[in-house]
Every structure is written in C-alpha cells, then in structure tokens.
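J.: Order-wise, the sequence lines are chains A and B.
Residues are numbered in this note's numbering as their position in the first sequence, beginning at 1, plus a constant of 137.
Residues are numbered in this note's numbering as their position in the second sequence, beginning at 1, plus a constant of 97.
Worth flagging that the hints you see were computed from the coordinates, not collected in a lab.
Keep in mind that this is a model prediction, so the values were computed, not measured.
Any given hint could turn out to be false.
Once the Cα atoms are required to be at most 27 Å apart in a straight line, the calculated BS3-like pairs of lysine-lysine come out as [stated by the list, open to error]: (1) B:LYS181 <-> A:LYS357; (2) B:LYS149 <-> A:LYS238; (3) A:LYS239 <-> B:LYS149; (4) B:LYS148 <-> A:LYS239; (5) A:LYS324 <-> B:LYS214; (6) A:LYS238 <-> A:LYS175; (7) B:LYS148 <-> A:LYS238.
To be clear about the criterion: a stretch of chain A counts as covered by chain B if any three or more of its residues have a C-beta under 8 Å from a C-beta of chain B, and this derived list gives those stretches [claimed, not checked]: (8) 193-199; (9) 214-228; (10) 249-255; (11) 370-381.
To give a feel for the contact side, a few chain A residues facing chain B, derived at Cβ under 7 Å [to be verified]: (12) GLY186; (13) ALA190; (14) GLY202; (15) ALA204; (16) ILE206; (17) SER207; (18) LEU208; (19) VAL309; (20) VAL314; (21) VAL322; (22) LYS324; (23) ILE341; (24) SER345.
We put the beta carbon where it would ideally sit given N, CA and C, even for glycine.
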Amino acid sequence: MEFVTNLLIRDGLVIALIATGLILLISSWASSTFTGGKIPGPAIAIFSGLLLAYIGGTATNGNDGLADISLFSGFAILGGSMLRDFTIVATAIGARFSEIKKGGWTGILALFLGIVIAFTSGVLLAAIMGYRDARSLATIGAGACTFIVGPVTGSAIGASSEVIALSIAAGVLKSIVVTIATPFVAKSIGLNNPQAAMIYGGLIGTTSGVAAGLAATDPKLVPYGAITATFYTGLGCLLCPSLLFLILQGLVG
Amino acid sequence: MIYGVVILAVCFLAGRMLGESLGILLGIDANIGGVGFAMVLLVLAVQGLEKKKWFTMEMEGGVIFWSNLYIPVIVAMSAIQNVKGAFSSGLVAVLAGIIPSAVCLLILPWLSRLGRKQSNPDESR
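Chain B extracted, bound-state conformation (with noise of 0.2 Å):
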C-alpha cells in the first residue's frame, strides 16, 4: 500500500514542481497547473506500470484511500472560508462574486457543443 502512495506523493510533488518553474518561467508569483500536470503524471505512471503488470491491487488501494478522503477534506474545506467576511464586505463584492460565476455557467453547454463537434465532425447539431 505504502508504494501505491509513494507513487501518488512522487507524481504530486513532481507536478508542483513544474507547476511552480512555469510560473517562474513566465515571471509570475504563482504555480501554474501544478495539480493538473501531478494528475496527468499519475494517470500516466499508473498505465504504465500496469502494462508491466507491476501495479498491484495493494498499490492501488494506497492511492484509493486518499482519493476516498477527497470528499472530507472538501467538506473541511468549506468549514474554514471566511464565508461571514466574505458576505459582510459589501455588494460590490457580492455581484462580483455571483453575475461572472453565472455568465460562465450560461455558456458552458454552448461550449460543449462546440466540443461535441470537434470530436465527431459528422455530427449534424
């Protein structure tokens, strides 16, 4: 189980560690798509090794116990946002919060038209 979760904390770090050299790259303070390069990096290692059929079910089950806790971890999360200063700041704050979240809701299926039409071009909508 330990190597399973060895491989998840080798991929995660390694992915940060791009993340944060792109945003040094680029000059700017912050890590860009560290998680998502980590995450890609896993799903890529985890195909690999199974190829090889070097990932056991015990490997696997070190990675599924903290993809598990995912679920906690958001709900402890939310419990620790500054939700009242968030609220008391005034309406700017609040319509600035909520008309731009809404707008990019109202075009996603738009979007994902267009994506459906990319992928199969014979599609007629």
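With the rest of the complex left out, here is chain A (with noise of 0.2 Å):
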C-alpha cells in the first residue's frame, strides 16, 4: 500500500487536479439539483474549497489550508499565485479594449477611494477596540486594505509581529467575506457589467478575492475586475505607510 501513497504524493499536481474537477462537478450537480442553479456552481466549489481549506487547517494546525495534508500538498501548486495569475492574465482573451477604456477614470478612482475607506474604517475600528497607538493603528487599517498590504505596512513603519499577524488575518478575512459576499449582492448593487466590475475590482482590491468573487457571479466579468484590482495591492503599499501613516501620526499625535 505504501507505494500507493507515494505515488499519489509525489504526482501531488495530478492529484489536485482530479479533486478540484471532483469539487466542480459534485458542485454544479448540487447548483442545478438543490438550488435551481440560482446559487451557481463555481460558488458552491469555492465555498467548499474554502470549507475544505479550515478542515485541512484544523486536522494539521498548519498555515495553508488544505495542502497540509501531504495527500493533498499539490494543491499548493495548482492554486498558488503563479497559476492564478496566469489563468486571470488568460481570461483577457474574452476582454474587449473599447469596454476597458470606457471603466478607466472611474476604475483609478474606485482604486484610490477603495485604499481610503478600507484604510480610515480599519484604523476606526482598531481605535474603537482600543488601540491607540499610530503604528498598530495603521498597520490594522493597511490590513484591511488586503493581506499583502497589512504586514508590508506594518514593517515598514515598525510595528509589533502581533499587529502585524492580526493584519494578515484581517486581509485574508477579506478575501473570504468577499468570495462568499459577492454573488449574493451583485445584483442588489448593479454588479452586472464591465464598467461595474472594474469598479468593484478597484474599490475591493484583494486579487484573491475579487477573482473569486468575480467567478462566483459571472466568469464574464472576471478580466475586468481583475484588470483594476490588480494595481490595488501596489498602490496600497505606496500609500498606506507613506501618505496615510503620516496623516494618521499627525491626527493620533
């Protein structure tokens, strides 16, 4: 039996593979079954996956999820960063330029006010729960821009590892609430062209999340949202501890 398990192991990508078509197609089978297809099928795998992610996390008290579990290790390549970005850059071919051109002011706008509000709500919120201290403060707003954001901020103006974990839980939280969120809300908020999704894109930033959240409503949409929040996490690094640390120090004293 044991050179079974090291087959599967070792071949970890393929293994990955075979479940994630496991999970869309267990997913889309329920969609249609249960709920009409009006909760659609990539958001029902997403939310499994998610749900598989803190069962993986609880077997192992590891960091990532499912991809603890040795079995399932390739699920580390198959959903890490490289891949994603790669098959979001892939999802262009479905974009059209006239329709990028006509969400651009709106979308560098939406980036800008998206860093602003999660910023000064995720500062509030810690100032509310008592910290008070302009470098925790900042580091918890930064945070709640995404979860690369929260700790590049955080050292670079020198805030305690404890601050700066708590960031990166807030950022990751984020991308969860919004992954589930978005499908549920898209259409009470008008999330059903490309203009709207380059906002959202801009506004809500997290790659991670907006990706999913994105392919949970309508995959069509995917290029545009992605095209915006992609310069979100740059720009929040520039700005969180440059210009609005600086303010914050000046408010907080």
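Dock chain one against chain two, each of which comes alone in its own frame, and use the hints as you go.
T.: Written out as structure tokens, the structure reads:
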C-alpha cells in the first residue's frame, strides 16, 4: 500500500486536478439539484474549497489549509499565485479593449477611494477596539486593504509582530468575506457589466477575493475586475506606510 | 496551440516585469499592476495579430485552455487559504475584514452611476 501513497504524493498536482474536478462536478450537480441553478456551481465549489481549507487547517494546525495534508500538497501548486495570475491574464482573451477604456477613469478613482475607505474604516475599528498608537492603527488599517498591504506596511513602520499577524488575518478574512458575499449582493449593487466590474475590482482590491467573487457571480466579468484589482495591492503598499500613515500620525500625535 | 501559449506567457512576463520595475522606481517592494499590464498587452497583441490575420483558431485555443482553467485554479486557491487562522485570531481581525468590504460594496452603485454619467453626459440620471 505504501507505494500507492508515495505515488499519490509525488504526483500531487495531478491529484489536485482530479480533486478540483470532482469538487466542481459535485458543485454543479448540487447547484442544479438543490438550488435550481440559483447559486452558481463555481460559487458552491469555491465555498467548499474554503470549507476544506478550514478542515485542513484544523486537522494539521498548519497555515496552508488543505495543502498541509500531504496527499493534497499539490493544491499549493494548482492554487498558488503563479497559476492564479497566469490564468487571470488568459481570461483577458474574452475582454474588449473598448470596454476597458470606457471604465478607465472611474476604475482609477475606485482604486484610490477603495484604499482610503478600507484604511480609514480599519483604523476607526482598531481605535474603537482600544488601539491607540499610530503604528498599530495604521497596520490594522492596511490589513483591511489586503493581506499583503498589512504586513508590508507593518514592517515598514515598525509595528509589533502580533499586530502584523492580526493585519494578515484581517486581509485573509476580507478575501473570504468578499468571495462569499459577492454572488449574493451582485444584483442589488448593479454588478452586471464590465464597467461596474472594473469599479468593483478597484474598490475591493484583494485579488483573490475579487477573482473568486466574480468567478462565482459571472465569469465573463472576471478580466474587467482583475485588471483594476491588480493595481490595488501595489498602490496600497505605496500609500499606507507613507501618506496615510503620516496623516494618521499627525492626528493621533 | 503552443504559439498561443507562448504569446500568453510572453505578455505575462512582460507585464510582471513592468509591474516590478514600477515598484522599484517608486521604492516599494511590491509588483504594481503587473497582471493588469499583462492583460492589456495580451488584448492588444491579439487585436494586432487578428488584424493581420495571423491569429489562428489553434492559437486562440492555447489561450482559451488556460482561461478555462481559471475556475479550477480559484477553487484550489480557496482550499489553501488559512481560513482557520483567520477566524481564530480575534474580533478585531474579523471586524476589520468584514466592515471595510461592506462599506466598499455599498458605494459601488454610486460610483457606477458617476461612471455612466461621465460616458453619456446627456443621460439625466
């Protein structure tokens, strides 16, 4: 039996392909049988992925969800940032340049607004919860942008490691919340055309959340949301530890 | 088919490099918009090749294959998130993850309207 286990671990990527295929198959069946297609198959599949990640994390106490179980280590390759970004770029084949140009300036405005709003509301929340020093406040605010902006800001301005860990957790939670909520609120916020998707990408910014949220809502919108979201983390890393931190320091003293 | 994959890969790397250079130029350790630049490059490259009738169905197939893999990749990505860690690190993290996202989703309709007004100034609402 041992050689079978070894083989399965060595060919981890293939196992991950089969496993995700099965998840998608079961999800699309569940979608049409139990919800009459109202909740799209990919949305159920992504949610199941999050659930499996929780189970993996609980079983192993690791940080990489399902990939911490050696049989499913291939998930780290299939779901890693290289393949994620490569496939996101490939979705641009379905995008039209004229649509991208139409959404241009509101997309840029959405980027700046998105970062400032996430940062400010994160800072306010942290202040209500009892944080008082500018470094911790700014790091938690930055974590409300994305799970990369948080730690980048925290280490740039010298926040404590507990606060940095907190900011990463906030960023990861944001991407989970966005993933789950997007298909449910899409209709009521008018997220059904390329321009709205570009604004959405700029406002929310967390690439994994935007990518998964749009995939669960309408895969045709993915390239438009991704194209603005991809600037968010960089812009956040630029603004949070500099301009926004300095303003905050001026206010807090 | 492989030529389509090559075009995709070249656009991907060129975009990443642009994003990386922009990061270095601005003095921060992050890739700024690499994926976005890559997407614009791909759209432009495909449009250019189509005009010259050099973009064959087979080449398109190479890009579409990867584009279709997108959803499985996102499902796999969800499965490797630190969900347990995120939920067990306290109320501040949970609230800081939820509330800012909710605020941003709420102002989306307003920004959309603003965008529509800009592109059709004659439209009354």
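J.: Against the earlier hints, flag every one the structure doesn't satisfy and list their numbers going up.
T.: 1, 6, 16, 17, 18, 22
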